[in-house]
Amino acid sequence: MHEIVYIRADYEPWWMFDGWEDKVVSRQRFETVENAQQYLKELEQDFSRRFSNQEKREFAFTAYWNEEEVEYCEICEEDLQIFHSLIWLFNGKPQISF
Numbered sequence: 001m002h003e004i005v006y007i008r009a010d011y012e013p014w015w016m017f018d019g020w021e022d023k024v025v026s027r028q029r030f031e032t033v034e035n036a037q038q039y040l041k042e043l044e045q046d047f048s049r050r051f052s053n054q055e056k057r058e059f060a061f062t063a064y065w066n067e068e069e070v071e072y073c074e075i076c077e078e079d080l081q082i083f084h085s086l087i088w089l090f091n092g093k094p095q096i097s098f
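Start counting the sequence shown at 1; every next residue gets the next number (UniProt numbering).
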């Protein structure tokens, strides 16, 4: 089972900190690689238009952000960058290669 997951968090997706699933905005499941690739391509095009910065790691993770989108962290006493990220999972694990 392939999944394309969109998370919004104050860290990049490749860290996958405990509780990362609490940051999920949407999750779409696919039976085939081709359908997952098509959906991911559509999201990547949309996110590339909406966000001025992006970074891809391995194959499974892409983070997008606008530098002005920050949220204040009371514990850290500073503003933290907000990332809109896409993760490709295969059977619940990051799809890092084909």
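Treat the hints as calculated values from the structure; they're not laboratory data. One or more of the hints may lead you astray.
[As the list claims (entries may be wrong)] Listed next, with one range per pair, are the computed distances between beta-carbon atoms:
hint	residue 1	residue 2	range
1	31	66	17 to 25 Å
2	75	32	16 to 24 Å
3	76	39	28 to 36 Å
4	37	72	36 to 44 Å
5	96	68	27 to 35 Å
[Said to hold, decoys possible] EDC-like, lysine to aspartate or glutamate: derived pairs with alpha carbons at most 16 Å apart:
hint	residue 1	residue 2
6	23	71
7	93	21
8	93	58
9	93	18
Quick reminder that beta carbons are idealized off the backbone N, C-alpha and C, glycines included.
Now the hints, each set against the structure:
The hint said 17 to 25 Å for the Cβ distance between residue 31 and residue 66, and at roughly 34 Å that hint is violated. Checking the proposed 16 to 24 Å range against residue 75 and residue 32 shows it is violated: the Cβ atoms sit about 43 Å from each other. Between residue 76 and residue 39 the CB atoms are about 35 Å apart, so this pair conforms to the stated range of 28 to 36 Å. The given range of 36 to 44 Å is respected by residue 37 and residue 72, whose C-beta atoms sit roughly 37 Å from each other.
For the hinted restraint 27 to 35 Å between residue 96 and residue 68, the CB-CB distance of approximately 31 Å keeps it satisfied. Note on residue 23 and residue 71: the hinted pairing holds, with a Cα-Cα distance of about 14 Å set against a maximum of 16 Å. Proposed proximity of residue 93 and residue 21 is supported: the alpha carbons are some 13 Å apart, at most 16 Å. Under the criterion of a C-alpha separation no larger than 16 Å, the hint pairing residue 93 with residue 58 is consistent with the structure, at around 13 Å.
The suggested pairing of residue 93 with residue 18 holds, with an alpha-carbon distance near 14 Å, which does not exceed 16 Å.
In this structure, the earlier hints numbered 1 and 2 are contradicted, and the remaining ones agree with it.
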